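Given two chains presented individually in distinct reference frames, assemble the corresponding complex, making use of the accompanying hints.
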Amino acid sequence: MATVASPHSGTAAPDPHASYLAQKGLASWLFTLDHKRIGVMYLVAVLVSFLLGGIMAILVRLELLTPGRTIMDATTYNHVFSLHGVIMVFLFIIPSIPAAMGNIMLPVQLGTIDVAFPKLNLASFYIYCFGACFGLYSMIHGGVDTGWTFYTPYSSKFSNSAVIPMIGAAFIMGFSSILTGVNFIATVHKMRAKGLTWRRLPLFCWALYATSIIQVLATPVLAITLLLLIFERVLHLGIFDPSMGGDPVLFEHFFWFYSHPAVYIMIVPAMGVVSEIICTFSRRAPFGYFFIAMSSLGLALLGFLVWGHHLFVAGMSEYSTMVFSALTFLVGIPSGVKIFNWIATLYKGSIDLRSPMLYGLGFIFLFTIGGLTGLFLAMLAVDVHLHDTYFVVAHFHYVMVGGTVIAFVGGLHYWWPKFTGKMYDEGKARIAFVLVFIGFNVTFMSQFILGSRGMPRRYYDYLPEFTTLHQVSTVGSWILGVGFIVMLVMFIESLASGKKATNNPWGSVALEWKTPSPLPLHNFLKVPVVTKGPYDYHLATEEELSED
Amino acid sequence: MLLFQPLLDAKEPASDTAQLPVIMSSSGAGYDALYYFIYWFSVVFFVGIVGAMLYFVWKYRRQKGVKAAPTKDSTKLELTWTIIPFFMIIVMFHVSFDFYIHNAVASENALEVRVRGQRWNWSFQYPNGEGEGSVLYLPVNKPVKLVMSSSDVLHSFFIPAFRLKKDTVPGMYSQLAFTPTREGEAQVFCAEYCGAGEKPGSGGHYSMGAIIKVVSQAEYDKHMQEISGPGDKKPDEWGKELVQKSGCYTCHSVDGSAGTGPTYKGIFGRKENLSDGSSVDVDENYLRESILRPNAKVVKGFENGNMPPFVFTDAKLDAILAYLKTVK
Ligand SMILES: [Cu+2]
Ligand SMILES: [Cu+2]
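Protein chains in written order, with the working numbering: chain A, 43 to 590; chain B, 2 to 329.
Isolated chain B, as found in the complex (with noise of 0.2 Å):
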């Protein structure tokens, strides 16, 4: 498509626009361009039908002794009505698959992010096993891969800034391939229904965000050290920031309260009730158990929290062992 070229090399402008938000990947121009493209094409063919009819209501308004000419058919225009579309739509067509294929294949050296969508928040695992929460931290102008999937219901992950969307489906992976052009934030919504939480500031779909920051290699990398390991703090406060940082305190309360799951308050070497009648001990198996699968064992009166399962490496497990030992 030589002619449409220049639309999909088009890099400026990066600013938001009147309907566009700021862009941030690097399909983002092209997109804009092809947006605006339709746009303008939508403007001229709407002024042209409206304008044609306002005057046609003005030109033939009904007029004493004034009778309508009888209506002659004409193939003729009726097919050049017809064919001029289609070969427009041929064009428009082509031109949106192009830059879609093109933008639908990830380079081989892209850096890859597990992406995972749970009622209401998403989780990120970078290529070296450690994960986070509610942020994701990519360097610029690197290309990415997204491998995404959910852990219940239907979710999408929408970063307008990239113009970029997938749907994330239970027991399938889909993929998302970009690359951030530009530092600063970028903010992600769920944009598939995924319901609320019936308690009041439980969340919803309304509520599943989270941020992507785009920053510098050398800060990329710097945060990856961060995140790997417990840096200057003690063993229970690196604990209870991953805690923090996964989302634990959305479900599980410190001050003995109950929440959608079982408050820590106490938790170590209490006797918890399991849902099929037994009782256990809780202990460091226990625990590690009950993070890593939260389904083996299900505290009595806690069936349907729906806890999803987490993935730590087992310096962090030990750390969130040693913070959950201190709630008491």
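The following block holds chain A by itself, in its conformation from the complex (with noise of 0.2 Å):
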């Protein structure tokens, strides 16, 4: 691509060999052309959004220590759940591996110098960043009370909160993500360094090219649907009212018909990150990557076919119902195709235990778990008893949290010293990860067995029968509330006095650890012409496997 533009703005021309991170100043990041400060820009809008959505998360759980009133009134609660859901989907995990470690990570693994459009990348942050202003003036403005999936008719007629503003801000934000998508096709397609074939592209790769595929077909239906919400609520047309003639069900399905495949969003560039993280500390190729790569492919399909699994209950023909139970199962089929290949390639593996393995290793125990107790929900007769109880806020939290939050916090760790070039305490992350992966446990196994008893989600009050499950599961909160904060102190004194990164420190042959750490500004010293594959430990050097 000869259009390319440059990644540096500023009028003195940087040297391209010093670090991405060298020029100094305020409007060198925020006006910035290159893929890493964008990234990296991103990837502190992310935290803070999680941050955010963790304190409602404790909040909601503290709240749910006693029966009747602990912390806050029913109203309060209903605000503070609907935030939690809609923080952590719309502003932190729908862009958190893609737009922000991805937009890192992609050109470097490919390469190359740049995404295919280093300026609508810089415009899909600040579209990101628009989004999270509405979101953060209807929070202000008396915020949401709907869950993060208003339902009509209630958020259309009912709620007295501040629904248009949040929506708004919902809509802004899939704008964002569909730019983020659409770069990234074009990047993989047209940017890849001479010689990386297709075949020889990273699986995290092409897990954001599946993910990009999904955010650019799905994304438009829900800035339709949540179109048609905001004139719902403003002009009264009746296309979701019973009384007008609309159907309140239209909106579940339009709504799913994203917001499934988001969940492939959410999970395909999870498993990207972890095969990535397990080929490195097995020093070892992965087995089947051919089936690895199809499976993401397989996921993204696939996902547009099964929204129809969050209306069992909801009063659709029997024959539909069948169908996308049928269909629901296959989603079964590629996700355990990932797992066997997984735990294959730990097979005779050279395998290492440090901080971002321990995390690719919790994602394969907490995602199988995710997935196996998908079966359940997916089992038309068995979902009937479990439809919007707590075993589906388990289940989705054991794929979203167990999944993604792991993987991302494992590429985290991964990626960390290519980042920032620096160390971090190795000890004070593995016992962030104890305490993460018990708290997560300890919060979410309980919520399980809550729900097939008969808890319904989204409950202020709960009989007293509920009531050991319910405290088991806030005190698991506090445990993974105290890990994080362990991780948190562990980056930031990372960041203060780490010790220096090595190019490689952790002895991988991809292309991404033999260019200085941190990133230069052009990412690698010279133009890489790639001659093996990504993951070919069996043709490597020592010197390749040296970790200085």
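Just so you know, the hints here were simulated from the structure itself, not pulled from any lab data.
Computed from a prediction, not measured in an experiment: that's the story for all the values here.
A couple of the hints might just be wrong.
In the DSS-like style, the derived pairs of lysine-lysine whose C-alpha atoms are separated by at most 30 Å in a straight line are [stated by the list, open to error]:
1) A:Lys556 / B:Lys65
2) B:Lys68 / A:Lys541
3) A:Lys556 / B:Lys73
4) B:Lys73 / A:Lys236
5) B:Lys298 / A:Lys199
6) B:Lys65 / A:Lys390
7) A:Lys541 / B:Lys65
8) A:Lys161 / A:Lys236
9) B:Lys77 / A:Lys390
10) B:Lys60 / A:Lys470
11) B:Lys68 / A:Lys556
12) A:Lys390 / B:Lys68
13) A:Lys464 / B:Lys65
14) B:Lys301 / A:Lys199
15) B:Lys68 / A:Lys464
16) A:Lys470 / B:Lys68
17) A:Lys542 / B:Lys68
The following residues of chain A were derived to be distant from chain B, with all beta-carbon distances above 12 Å [unchecked claim]:
18) Leu63
19) Gln65
20) His231
21) Thr239
22) Phe346
23) Thr462
24) Leu537
25) Ala552
26) Pro558
In this text, a Cβ means the ideal position worked out from N, Cα and C, and glycines have one as well.
The structure is reproduced here in structure tokens:
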């Protein structure tokens, strides 16, 4: 691509061999076209959102410590759990791995200088911020109490909260998501280094590629749905209002037509991160590279066909439920293929248990539980009882947190030396991992039982018989919270006084570890030519595997 | 599905297990069998996957001088772990769907009860036209069909002891069919989020419950008698009881304070200003209309109260009016 803009702005041309962090000053960040800096800004933004959403989560769990009122009234509780959902989904998880981590790593893994459209990339970040401002505005002016699902007619006619700005926020952020998707697709197609064939593409790139396809195809549906909801609320058009001939269930269909694929926007890139981590720390090429790559595309495709499983008890016809149940089961196959291949990759590897790998293995553990409990919900008969109970809450947290968040954090540990040029304290990292892992399981394992015993979700109050399990869950949330605080402290210490990272601290043969840490302005000191696959450990020389 | 027939026919246990509450309906035992089948299937899979992972992590931990073996892909293996799970899910899908369809059909002579969800309570109407709120009596071992709808937002009628749930949608009827098999009380929850009242204690999604009392046929018949007539009560006493049971007090006070709706204190004969600017004297006809079609005339200042329409027989309405006249 001859038209690629220079990834740096400013008048005096900086040294392309210097670190991308070398330039100082606020303007050098705000007007940057460098994918790494945009990625870092995204990273900061999603981490702040994660903190906010996390505080909401702690508050929700705290309120549920005792039946009846613990710290807030019912209306406040409804606002808090809604904000928790909206923030975590739209502000944190969806952009977390693709827009923040992918932005930094994709061009590096492709051996190129930047994404295909750097200006679009910066625009997508500002659109995200603009959307987030709407979200903030909504939070200040009444918040939302509709849940992140905005079901009609509650959201269109009954809720007194600031629904419109919040929907506006999600609507606007959708554009940022689409632009990132378009950008990544073009980048993967057009910007690969010489010799980087499709079959040598790192699995993280395959995952981002599959994710981008979903982002581009599914997000417009969300946009239209939210727009219709705004019209409905402002103009009372009656699209979703039965008293005017509309249909509230139609909204559920529209909403999940996006939001189920969105689950794959969240999980597929996480799987990409895990594939990278497992290969690096086993020093072994992935078993079934082709199948792992294709299962990402398979998930992306299947993801579009299963939205109806959210409506099994909403009054669909028996035949539609049958089709959706069958298709939902199919999702198990590509997910299973990935897990089996990861396990087979470990076989006869040379496995090193440093912190990124702990998260990689933790992911397999937690995601397997998330996936298997998905089978309960895919089974029509079984879902009837479990639908809209804590079982579902536990299931999707195992996928979303046990899957995506764990992979995101694992990726952060993995690429941290590349991003910052600093190492972190491995001891603290392991303590944080253990706390997060235990805290997470305590919080959500108990919720499976709460759900199967009949506790519905989104309840401010509960029957006395559920008290113990709720309390176990709340205590778990504290352990989880402490784990994240230890991690935060560890990362801040690393920034302040971390040891300098070598180019290749993990002894990986992948392209991104052959260039300096932190990344140089143009990603590579000289234009790379790829002659081997990213996981060809059996061809590697001692020097390539060296960690210094 | 001969293989799984025993599963669908399962009768016991009826008591609650570690993961599931007590069973009170015909489909419950089969449900639990299905649930534990998939549960143990998952446990085996999970132990296999995590066991293999941990074993490899230990066995192939990094050691000096030992290199990872080069990866040799095996299409055979890939196909194996694609195709075997494929057949497994076909079986699972089939069993579960069979069970679902089997239970979705109501029997011919089912007792048909109407269920209406409104924020934040449930009301029921028996085949004889009588209605009540918050409690539903059902005779044991008799097939039941619930025909359900909602007056405002989405709700979901969830009875854990029956292992059943169905959303109630405004403007649409949904159904549940089952046979209660055990006498006792079954808790009903609303499982679809429906908000909460602004004032403390005004209820919300979390308090939108009801109790299903499964009783003997004789007891059921007796209860039907009780709710359809005054028994030996005076009309205004009966009216008071009806008002109480229908949940009118959640919105209306008798002490003169305004709730979600105007107070009953001194209601009869007072002059009421309406939202369209006109005014009206409260007499029998106005009261009747206010209860059966609340939106026909809306009291000024209470435009957002959303009183749901109620259905009462004439005898009951008379009793309620008799009661309202006594509130001074
Ligand atoms: Cu889904
Ligand atoms: Cu409800």
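We went through each hint and held it up to the structure:
no.: 1; hint: A:Lys556 / B:Lys65; verdict: 23 Å, holds
no.: 2; hint: B:Lys68 / A:Lys541; verdict: 28 Å, holds
no.: 3; hint: A:Lys556 / B:Lys73; verdict: 25 Å, holds
no.: 4; hint: B:Lys73 / A:Lys236; verdict: 26 Å, holds
no.: 5; hint: B:Lys298 / A:Lys199; verdict: 21 Å, holds
no.: 6; hint: B:Lys65 / A:Lys390; verdict: 14 Å, holds
no.: 7; hint: A:Lys541 / B:Lys65; verdict: 25 Å, holds
no.: 8; hint: A:Lys161 / A:Lys236; verdict: 24 Å, holds
no.: 9; hint: B:Lys77 / A:Lys390; verdict: 19 Å, holds
no.: 10; hint: B:Lys60 / A:Lys470; verdict: 26 Å, holds
no.: 11; hint: B:Lys68 / A:Lys556; verdict: 21 Å, holds
no.: 12; hint: A:Lys390 / B:Lys68; verdict: 9 Å, holds
no.: 13; hint: A:Lys464 / B:Lys65; verdict: 26 Å, holds
no.: 14; hint: B:Lys301 / A:Lys199; verdict: 20 Å, holds
no.: 15; hint: B:Lys68 / A:Lys464; verdict: 28 Å, holds
no.: 16; hint: A:Lys470 / B:Lys68; verdict: 29 Å, holds
no.: 17; hint: A:Lys542 / B:Lys68; verdict: 28 Å, holds
no.: 18; hint: Leu63; verdict: 32 Å, holds
no.: 19; hint: Gln65; verdict: 39 Å, holds
no.: 20; hint: His231; verdict: 26 Å, holds
no.: 21; hint: Thr239; verdict: 17 Å, holds
no.: 22; hint: Phe346; verdict: 19 Å, holds
no.: 23; hint: Thr462; verdict: 25 Å, holds
no.: 24; hint: Leu537; verdict: 29 Å, holds
no.: 25; hint: Ala552; verdict: 15 Å, holds
no.: 26; hint: Pro558; verdict: 25 Å, holds
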